[in-house]
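The chain contents come next:
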Amino acid sequence: MTMIEMKNISKSFTSTNGERIQAIKDVSLSVEKDEFISIIGPSGCGKSTLLRILSELQEYDSGEILFHDENLKDNLGFVFQDSVLLPWKSVYENIVMPLKIKHMETPETLAHVEELLDLMNLKEFRNSLPKELSGGMKQRTSIARSLSYNPKLLLMDEPFGALDAMTRDHLNLELRRLWKQTKKTILFVTHDIEEAVFLSTRVVVLSNRPSTIHDIVTIDLPEERTLELRDTPDFINYVSRLRGMLNEQS
Amino acid sequence: MNNLKKTITYTVISLTVFVLVWQLYISIFDVPAFILPSPVTVGKEMINQITQVSFYKNMLYTLSEVLLGFALSIVFGLLIGYFIGKHPHIKRLSMPLLVFFQVSPKIALIPIFIIWFGLGYGSKLFVVFIMSFFPIIESILLGLGNISKEMYEYMKILKANRIQILTQLEAPCCIPYILSSFKVGIIQAIIGATVAEWMAGQLGIGYLQSFASSTFNSPLLITGIAFTILLGILLYGGVTLLEHHFQRYQEVKQ
Ligand SMILES: Nc1ncnc2c1ncn2[C@@H]1O[C@H](COP(=O)(O)OP(=O)(O)OP(=O)(O)O)[C@@H](O)[C@H]1O
Ligand SMILES: [Mg+2]
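Chains A and B supply the protein sequences, listed in that same order. 1 is the number of the first residue of the first sequence in the numbering used here; add one for each residue after it. 1 is the number of the first residue of the second sequence in the numbering used here; add one for each residue after it.
Because the hints were derived from the structure by calculation, they are not lab data. None of these values were measured; they are calculated from a predicted model. Beta carbons are placed, not taken as given, at the ideal position from N, Cα and C, and that holds for glycine. Hints may be right or wrong, so weigh each one.
Derived EDC-like pairs: lysine to aspartate or glutamate, alpha-carbon spacing no greater than 16 Å straight-line [what the hints assert, rightly or not]:
(1) Lys149(B) <-> Glu56(A)
(2) Lys33(A) <-> Asp69(A)
(3) Lys131(A) <-> Glu251(B)
(4) Lys73(A) <-> Glu5(A)
(5) Lys159(B) <-> Asp74(A)
(6) Lys159(B) <-> Glu5(A)
(7) Lys156(B) <-> Glu194(A)
(8) Lys159(B) <-> Glu70(A)
(9) Lys89(A) <-> Glu251(B)
For each label pair, taking beta carbons as the anchor points, the in silico distance ranges come out as [stated by the list, open to error]:
(10) Ile163(B) <-> Leu110(A): 15 to 25 Å
(11) Leu4(B) <-> Lys131(A): 21 to 31 Å
(12) Glu223(A) <-> Glu251(B): 34 to 44 Å
(13) Glu105(A) <-> Lys183(B): 31 to 41 Å
Could you put the whole structure together from the sequences, leaning on the hints where they help?
This is the structure in structure tokens:
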């Protein structure tokens with residue numbers, strides 16, 4: 001079932017010195033229900049812009065976006081590259097804040113928050129302030145927060161970009177598990193090709209500016225993904241194929 | 001609590017030393033009483049004052065000017081500050097005026113306020129108001145200006161309405177700045193009130209001082225000064241307590 005349909009989306013910016021920058025051009029993409037789509041592409045090609053357009057943080061110049069149902073759009077989750085936690089709120093308060101704003105504080109949703117704290121290994125830190133957290137814990141809090149209201153659509157802009165490899169591996173496993181368990185549709189921007197292959201059902205490769213969709217690669221790997229999978233020939237094949245495409249771009 | 005005990009102990013010690021040095025200075029150099037009366041004389045005058053009804057009238061008069069004027073400046077400062085902060089054009093238009101009023105020595109403007117608002121309570125209220133009004137406006141502009149674009153975007157993702165953005169994001173981000181402005185404002189307000197009382201009128205702790213000064217009643221003058229300081233410490237302490245209550249929001253400044 002198609003959840004989102006983007007048709008010929010274009011967007012250009014005017015930079016401060018008056019130049020016109022065409023960020024994305026004629027991007028068309030249909031997102032199916034329960035897909036995990038990663039978006040990769042050269043730096044500055046418009047990956048963030050695409051997510052921001054989908055979440056209505058940014059206007060677009062032309063094209064059309066169809067949401068299968070409006071509730072999807074009104075109740076989406078967004079994980080920013082740097083966690084954007086409220087510094088005066090504890091981990092727990094940050095995570096329940098969306099529920100407060102959306103008037104969704106019920107015994108069920110609060111129980112769900114407890115599960116998320118558990119899932120993200122944040123139990124011990126529930127009363128800590130953001131400044132007391134490591135980068136990985138901040139990002140886990142930010143993810144838990146975006147999941148607190150159980151959005152069906154989750155947009156993530158390089159959520160693990162600033163993390164070390166170990167933490168990243170761990171969070172990749174968690175995210176993949178969460179996606180399978182809770183049946184979400186996820187659009188995930190990354191510049192890490194292995195991460196994209198590991199997590200996704202499909203990987204979208206954007207070209208250099210003005211960015212169009214260069215190719216979409218369906219990742220046909222086993223459902224159950226463990227870290228060992230990364231050493232299998234199939235996995236390595238996908239990675240080198242995608243790397244080749246990216247290298248063509250730059 | 002232990003900390004509080006320590007603070008009190010140190011305060012008592014330093015005040016005692018101060019009074020002793022004062023007494024010694026007078027005894028050794030034989031200073032005439034109208035220039036600097038001894039601590040004992042001043043102490044007697046203080047007791048004399050606090051047993052008189054008129055003294056409380058003066059204190060209450062000044063206190064009410066400060067509290068009422070300060071309250072007005074909070075109400076108008078917060079409203080107008082927020083309005084300016086949310087409208088970039090109005091902000092740009094009002095910036096020169098704000099800077100002008102911020103740097104102008106407002107004490108020098110008191111005579112004109114007296115002409116405009118009379119010799120009585122009104123002009124003093126206005127002086128207090130003006131003293132704390134501009135710091136409050138500035139604090140809001142500072143607080144709002146410090147909120148990152150991403151924070152607003154996060155609220156937008158949550159579909160927060162304007163009131164929620166105000167209460168959940170903007171207010172918490174402004175609170176530490178507002179409280180700092182209260183600290184500046186309350187002291188300025190007391191200065192303004194007492195100076196305005198010197199210049200006009202027949203009531204208030206400032207009037208008491210100008211009366212004492214014109215009659216060369218140094219013990220009364222020093223008593224007046226001491227009680228002005230006491231008033232300042234009490235109000236400043238009140239703001240500090242408030243700041244303590246909102247300690248969490250100091251994180252915004254980091
Ligand atoms: N608000 C803006 N004003 C002007 N130009 C912008 C704006 N936002 C993005 N751009 C430009 O649009 C292009 C795409 O930006 P975007 O942030 O989407 O890239 P990206 O693919 O996410 O890059 P990165 O991988 O570095 O995060 C860039 O050239 C950028 O300079
Ligand atoms: Mg980006």
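Going through the hints against the structure:
For a cut-off of 16 Å, the pair hint linking lysine 149(B) to glutamate 56(A) stands: about 14 Å separates their Cα positions. As the CA atoms of lysine 33(A) and aspartate 69(A) are separated by approximately 12 Å, the hinted pair is consistent with the 16 Å bound. Pair hint lysine 131(A) plus glutamate 251(B) holds up; C-alpha atoms about 8 Å apart against a cutoff of 16 Å. Between lysine 73(A) and glutamate 5(A) the alpha-carbon distance is near 12 Å, which keeps this suggested pair within the 16 Å criterion.
Between the alpha carbons of lysine 159(B) and aspartate 74(A) the distance comes to roughly 7 Å, so the proposed pair stays at or under 16 Å and holds. For a cut-off of 16 Å, the pair hint linking lysine 159(B) to glutamate 5(A) is broken: about 22 Å separates their Cα positions. Of the pairs offered as hints, the one joining lysine 156(B) and glutamate 194(A) is violated, with about 32 Å between alpha carbons and a cut-off of 16 Å exceeded. Using a Cα cut-off of 16 Å, the hinted pair lysine 159(B) and glutamate 70(A) holds, with the two alpha carbons roughly 13 Å apart.
For the given pair, lysine 89(A) sits about 9 Å from glutamate 251(B) by alpha-carbon distance, which is consistent with the 16 Å threshold. A C-beta distance of roughly 23 Å is found between isoleucine 163(B) and leucine 110(A), which places it inside the suggested range of 15 to 25 Å. Here the CB-CB span from leucine 4(B) to lysine 131(A) is close to 27 Å, well matched to the stated 21 to 31 Å. Checking the proposed 34 to 44 Å range against glutamate 223(A) and glutamate 251(B) shows it holds: the Cβ atoms sit about 43 Å from each other.
About 36 Å separates the C-beta atoms of glutamate 105(A) and lysine 183(B), a value consistent with the hinted range of 31 to 41 Å.
When held up to the earlier numbered hints, the structure conflicts with 6 and 7 and fits the remainder.
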